[in-house]
Every structure is written in C-alpha cells, then in structure tokens.
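A.B. asks: Chains A and B, in that order, are what the protein sequence lines are. For the first sequence, my numbering assigns the number 1 to the initial residue and increments by one for each residue that follows. For the second sequence, my numbering assigns the number 1 to the initial residue and increments by one for each residue that follows.
Think of the hints as simulated: they come from the structure by calculation, not from any bench.
Note: identical chains are not told apart, hence a pair may lie in one copy or across any two.
In silico DSBU-like links for lysine-lysine, alpha-carbon gap of 35 Å or less:
1. Lys246 to Lys47
2. Lys22 to Lys125
3. Lys246 to Lys208
4. Lys246 to Lys222
5. Lys208 to Lys222
6. Lys98 to Lys165
7. Lys98 to Lys125
8. Lys165 to Lys125
Number of protein chains: 2
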Amino acid sequence: MAGPIVAFQGERGAFSEEAAHKLLGRSIRLLPCETFAAAFARVARGKARYCLVPVENTLAGSVYENYDLLVENRLHIVGEVNLRIVHNLIAFPGTTRKNLRQVYSHPVALAQCGGFFRRHRRVAKVPFYDTAGAVKMLSERRIAGAAAIASRAAAAVYRARILQKNLEDHRENYTRFVLLARSATVARRANKVSLVFSTRNLPGALYKCLSVFALRDISLTKMESRPLRGRPWEYLFYVDFLGHVKEEHCRNALAHLSEVTDFLRILGCYRSARR
Amino acid sequence: MAGPIVAFQGERGAFSEEAAHKLLGRSIRLLPCETFAAAFARVARGKARYCLVPVENTLAGSVYENYDLLVENRLHIVGEVNLRIVHNLIAFPGTTRKNLRQVYSHPVALAQCGGFFRRHRRVAKVPFYDTAGAVKMLSERRIAGAAAIASRAAAAVYRARILQKNLEDHRENYTRFVLLARSATVARRANKVSLVFSTRNLPGALYKCLSVFALRDISLTKMESRPLRGRPWEYLFYVDFLGHVKEEHCRNALAHLSEVTDFLRILGCYRSARR
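Just chain A, same shape as in the assembly (with noise of 0.2 Å):
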C-alpha cells in the first residue's frame, strides 16, 4: 500500500526530507515543492496528506515565514520533530578536496560553515537557493573543482559522495519541524499545544494572557511574535506550551485566555518530539 503524500519546500534531498522520514518512516511518498506557500497549498487543496515546515532553528531563530503561513492558512499541526542539522561537503567525480576551489549551498548553511571557510581560504562561497539544490545542479553540471554543502539524504539521491562530514560550526544546531494536515486529529498521547493571539490593547495585556498558563503551572516551550498588519506596533503572539486540549486546567487555561484577547486560534494539539 503507498504510503500518505508528504509535501514539503526544497528539492529532493532537502533536510526537511530527513525530517520527514525520521517523523513517518520510508513508506511516505514526498512531494517537493518550489516554496513554503506551495507546501502549504498542497494540503489545502487536497494534493497531499501532511506537509513538513521548519518553524526554528537553534542557531539562526524562527522561520517566520512558516509561523506567517500558519495563521494565512487554515491548516492544523497533528506532528513536530528535530532533526540535528549535519552539513556534508559533497561532490562528484572531478572534485577532491584537493582542487576544491568553490562550494555551492543555501546562504544560511554557507554561514553555519564559516570556521570551514576560515580553515579553507583558497575555498569560495557560493549562494545557491538551496542546499540540495546545489547538489542537484552538480549532478547536472558537474564543474570541476565544485562541492555543495547538503544534507547525507542529498549525497544519497543524486548518488553523490561525502567528502568531509560535520562542516557545521555549532553542533548544537537543530531544526524544529511541523507536521500539517487538513483536518484535526488529536493523538490520545499527545501532549503539546500551539496558539496563536493578539492581545486586547490594554496595559499588562500581555502578561495577563501568559498568567492563564502560570496560575495553572503550564509550562511555555515557545514565544514567538510577528506584526499584526494594518496595525502597526501590535503584534500576533504565538506560543507552544506542554499539556492535552481535553485536560481540565488546559481547558480552563484556554476559556481564560478567550477572555484576555482578541483574537485565539488553537493551531494543534500532538505529540511533542524529543529533545
């Protein structure tokens, strides 16, 4: 039996791919997409099952085109997951590292990789839109002297080699990602919930909105805030905190939250990937 259709951004290859498969095993059929509006468009429309969305990274913050997307669409989270980002040099047959002159890669995985820079002067940096796109372009190309920065799933589907593993500065670089669907199942083991609210434009509004979870000692994961357009100087609140939509202080904390702000959409309720 063919598994759901995940949709996703980047090309084959792409870490959102590793992500996916670490989430649902390899029985997913993967959709790439050429960005995170398509991705999201996909499900809405039916055309896939889930789509896979970065929403933070431990080292360059939060994908706030994704948290954006979240609210313009009307898609539920039902999965998270982290997937520790490694960054491969990888090339084909006529690049050694020895007449390695340039490398190809996404500007945030080139910058994630500058003590490899540092360590290579003789060695260029070259954006590319995308890590395994860089990859798919050598497969194509095949300069010489070419090497691109992507994921291990990349060096694997355009059947390329690893020249050197770990290039990335910090190994304490994660990426958090969103499973999304059309519909909201709530696991029964679920224990994560995200929301998003605009607090009513009165002072203290927004501790007041963050005392509903700590007078009923819920923990907050996450805070995040984008501008509310039309409205300048206010902000839309996003916020994951640990708990089931069904418990009783959860539910209580939710009623009270309605009462303190403007606007209250629960954007899921899962299980919250490990650590």
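Based on the hints, put chain B in the right spot on chain A.
C.D. replies: Coordinates of chain B only, in the frame set by chain A:
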C-alpha cells in the same frame, strides 16, 4: 562645523539615510556600509559617532540580524525614529512607463509592491541586493525599459526621475530604526528603555520576568525572542518599555528583573519616536 558621522547599511539613498536625516537633521555626514555588522563596527572602532539600523518593519517584522548584533556588540541605543516606507518607481531617460519591462529592487521591496506587479503583468521583478543600489546600478548601466523601486532619497542622490509614487500595497508600512553610539548618554527627555535578558530555566520564568513590569504598571511596547546559541530551545528576550532608568519604579523593576534572570543588559534609555 561638520556634523557627526553616521554609519548605515546600504548605498547612498537607502531608507536608512532618509531616517538619519529625519532624526538628526541635514548637517550629518553619511557613511554607507556594506553590511549591518560593518555599520556596528564603524562605531565600535570610533570611525563613526553613530550608526542607524532598522530593527522592525510593521509588515515584515523584526530585523533579527540587528537584534543579534545588539548583543554581540557593546553599543548603546541613544535614539530611535520611525519612517513611513514609501516605495517609488525610479528610472533614467530611456525608460518610460510604456516601455517598462524590468524592475530591480531588494526582494522585500518587490514583495511589498505585489499589487503593482499584478496590475502590470509584463513587468518582471528582478531581485537586487539593495533598493538604492538598484538605482545606482541603473545610473551606471542605463538599461532601457528597466526601473528600480527605492526611496525618494535614492532618486535625489542619483538624479533619477520618479515615474510613480506609493507603489507599496499597504500604507501602514513603517520601519523603526535605532541610533547606536559607543557611550551610553541618556537624554533628560528619555522615556523608553530597551533591554535583553535570558530567563532562569524554571516553570513560569518568563511570566515572572514580565511581572516586574506589570506589578508596577510599566507598559511594554515590544517583546522579541531569539535563540540562545549553544543552549538549544532556550531564548534571549528583548523588551522595550516606557520609562526612564532614573525613575524609582523603573529602577525597582530593573533590580527585581535581575533577581529572576540569568543574564540582563540594558541596551539603552532614549527618547521614543512619535508613532
């Protein structure tokens, strides 16, 4: 007498230049820098008295790179200014609205003028590293049928013509800039404080931090979070509040905050911009 040197990121005619004149008048000397980090460095090394950098836009959100640079550098916020972002279609002789085929600008500016491109299907968006830089490039290369999207200041600096004003989709498009200096001078009329802290890893830690303000009726105007490097899933919080560091209730709030945080730094106390 020559005015103070003000470093900023971008080419001459950047929105930062408009903001610098709005805050400091016409007698300043401008020092364009390639990157935000370079603008910070000019001040740190005494090559410029100030630098002026954007920290948030009401549509695009915070400029996270500058939040990170505020912590990495030891500069102090000594002022702020809000600038309404007006995008102009700018061209040189040889380009008219009739033969227009290509528009060069920074990807964020192109995205903020989506309506213009939907109304003019034959006009291609061409991403460029900088808004004012696109005008500069056209001033040198004079490509027929090509224009740029940039500030009014850019049109003036490069003696170009404004073909159309107000290309932006949303009028509620403001950017907030902060003025940074090496020493922490506090104006008597200062009424806003910016600080950054990390919470202790305790339940309700963020709530306790915000309570130091709420309990004293101190208004927060902004809160932002960024990842704490090397400590996955922990965060630095940036808070702006209305008050003066010498007022008693603010001094008490700051003393109280230092009790409940692991790390705390005052980034500056300055006169807030008009909203």
